[in-house]
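K.L.:
Chain by chain, the residues run as shown.
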Amino acid sequence: MELVTPGIGLIFWQLVTFLLVLFLLTKFAWKPIMSALREREASIEDALSAAERAKLEVQGLKAENEKLLAEARLERDRILKEASDAGNNIVETAKNKANEEGARMIAHAREAIENEKLAAITEVKNMAAALSVDIAERILRRELSDPQAQQALAQDYISEVTL
Amino acid sequence: MKKLFILLFSFLTISVYAEAAAEGGEFRPGDMITHHIADDYSWHFADGVVLHLPVILFDNGQPVVFSSSNFYNENHELVPYKGYVLEHGHIYRATPEGEASHDKAGLIDISITKNVASMFVSVALLFFVFFSIAASYKKNAGKAPRGLQSFFEPLIVFIRDDIAKANIGPKYERYMPYLLTIFFFIWFNNLLGLMPGGANLTGNIAVTLVLAAMTLLITVFSGNKNYWKHIFATPGVPTWLAPIMIPVELIGILTKPFSLMVRLFANITAGHIIILSLFSLIFIFQSIAVGPLSVAFATFMNFLELFVALLQAYIFTLLSAMYFGGAVEEHHHEEHAHGEAH
Chain A
4 MELVTPGIGL IFWQLVTFLL VLFLLTKFAW KPIMSALRER EASIEDALSA
54 AERAKLEVQG LKAENEKLLA EARLERDRIL KEASDAGNNI VETAKNKANE
104 EGARMIAHAR EAIENEKLAA ITEVKNMAAA LSVDIAERIL RRELSDPQAQ
154 QALAQDYISE VTL
Chain B
37 MKKLFILLFS FLTISVYAEA AAEGGEFRPG DMITHHIADD YSWHFADGVV
87 LHLPVILFDN GQPVVFSSSN FYNENHELVP YKGYVLEHGH IYRATPEGEA
137 SHDKAGLIDI SITKNVASMF VSVALLFFVF FSIAASYKKN AGKAPRGLQS
187 FFEPLIVFIR DDIAKANIGP KYERYMPYLL TIFFFIWFNN LLGLMPGGAN
237 LTGNIAVTLV LAAMTLLITV FSGNKNYWKH IFATPGVPTW LAPIMIPVEL
287 IGILTKPFSL MVRLFANITA GHIIILSLFS LIFIFQSIAV GPLSVAFATF
337 MNFLELFVAL LQAYIFTLLS AMYFGGAVEE HHHEEHAHGE AH
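Those sequence lines, one after another, are chains A and B.
Mapped onto the working numbering, the consecutive letters of the first sequence carry residue numbers 4 to 166.
Mapped onto the working numbering, the consecutive letters of the second sequence carry residue numbers 37 to 378.
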């Protein structure tokens, strides 16, 4: 049948033309178009992933900032605590020192008083001895002028001595 | 665009009407339709507007070139010229009596026929469209597409992503130029065929034969070990079945492109026949009352054909991609072995 009988002329022209079209379009249209599409898609892909990265980075920064803030807060608390501890320590030490000093001073004073007391007692003793000697001398001087009294005195002494 | 097509189709109506009237005598729809869908040595755009195309013959290796207008005398009657005669749309050597000699040995006819001329127009259009698109890709590199570029880009991306990548796999890149070329070649020619006075190029078996043969050759030459193993030693089939299986598989290689050839040819030719038949109804009934109905149906058919033009280009490209995919497929799937649609 006419319709389904391929004509040699048309086959020839179709083959030549189609191959030419295929070659020229491939070289001057499809290759540049496909590579342009690829490049554009790659650049869009890159831009998207860059945006994603930037987002993650911002999130990271934010987290870091928060971490820093939290750290700073902790640091502040620590410093405050340390300062108050140090203050307390100083006060405590000062108190202790004052107590010690007081005690030491009291002890010192006591010792001085004791010494003074001993000195005073010794002096009193000495003075009493001197006075006694003096009194005795005076009595003796007066008594010895009376032989009877001398006798009586000697008698007293002897009675006092117990054997 | 739509308005333009409607306008062009209205011209087609006028052209058919004019021709039927000019022929005079009895109207034979069969002859009219055959004449419209067949190839010709001159291009009738409308009655009286005829482009006589060059005839190129190789007679026993001797090139003979002349205008096809020489076959017609001033009364539009066929006459022999330089020892050749045109009969029923074919050129034969003339006998001394001026009759056609049916001995065609050594006579090769590669005339620029209506179909060839129409193909040249489509090629010019393809070059114009795609070279300008390529230029605009260079001009606004990395920017959003504009104008013609933005109309064709989705199609190109669709062919790449949904036809090539989906059916061929990672090696799709190699086949992209061919797939894009056949898609746009078929689509543009389908649309040109719908123009008034347009040639029925993609509805010509010679054209679809060449396109299908291309797909066949590319499939066969890109067939890997797996592909050939599937044909000569189909996995899972006992060896004693090989005398049956191998011929069947070999025939299968040919039936795939054969179906491509017939599908495109038949779809496009059928579309032309239906539209022309609908117009013929007016003349068969010889009633102007049938006119509006005929035109309404023909307009509907034209819109359907616009869709078919795109659909057939898509199917041809898709199936080609599937055959290439089968040829380069790396690992074998048992259940898909014979599942391909024809």
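Calculated directly from the structure, the hints in this document are not laboratory data.
Any given hint could be a false lead.
[What the hints assert, rightly or not] Away from chain A, derived, C-beta distances all over 10 Å, residues of chain B:
no.: 1; residue: A82
no.: 2; residue: M155
no.: 3; residue: G178
no.: 4; residue: E209
no.: 5; residue: T305
[As the list claims (entries may be wrong)] Mimicking PhoX-like on lysine-lysine, the simulated pairs with C-alpha atoms at most 20 Å apart in a straight line are:
no.: 6; chain 1: A; residue 1: K34; chain 2: B; residue 2: K201
no.: 7; chain 1: A; residue 1: K70; chain 2: A; residue 2: K58
no.: 8; chain 1: A; residue 1: K34; chain 2: B; residue 2: K140
[To be verified] Output of the computed footprint for chain A on chain B, the stretches with three or more beta carbons under 8 Å from beta carbons of chain A:
no.: 9; stretch: 222-232
no.: 10; stretch: 273-279
no.: 11; stretch: 319-331
no.: 12; stretch: 337-343
Quick reminder that beta carbons are idealized off the backbone N, C-alpha and C, glycines included.
K.L.:
Decide, hint by hint, whether the structure agrees.
P.N.:
Going through the hints against the structure:
1. A82: holds (24 Å)
2. M155: violated (6 Å)
3. G178: violated (6 Å)
4. E209: violated (8 Å)
5. T305: violated (7 Å)
6. A:K34 <-> B:K201: Holds, at about 17 Å.
7. A:K70 <-> A:K58: The hint holds at about 18 Å.
8. A:K34 <-> B:K140: Violated: K34 of chain A and K140 of chain B sit about 44 Å apart, past 20 Å.
9. 222-232: violated (count 0)
10. 273-279: With 0 residues closer than 8 Å to chain A, the stretch 273-279 of chain B misses the three-residue bar; violated.
11. 319-331: violated (count 0)
12. 337-343: violated (count 0)
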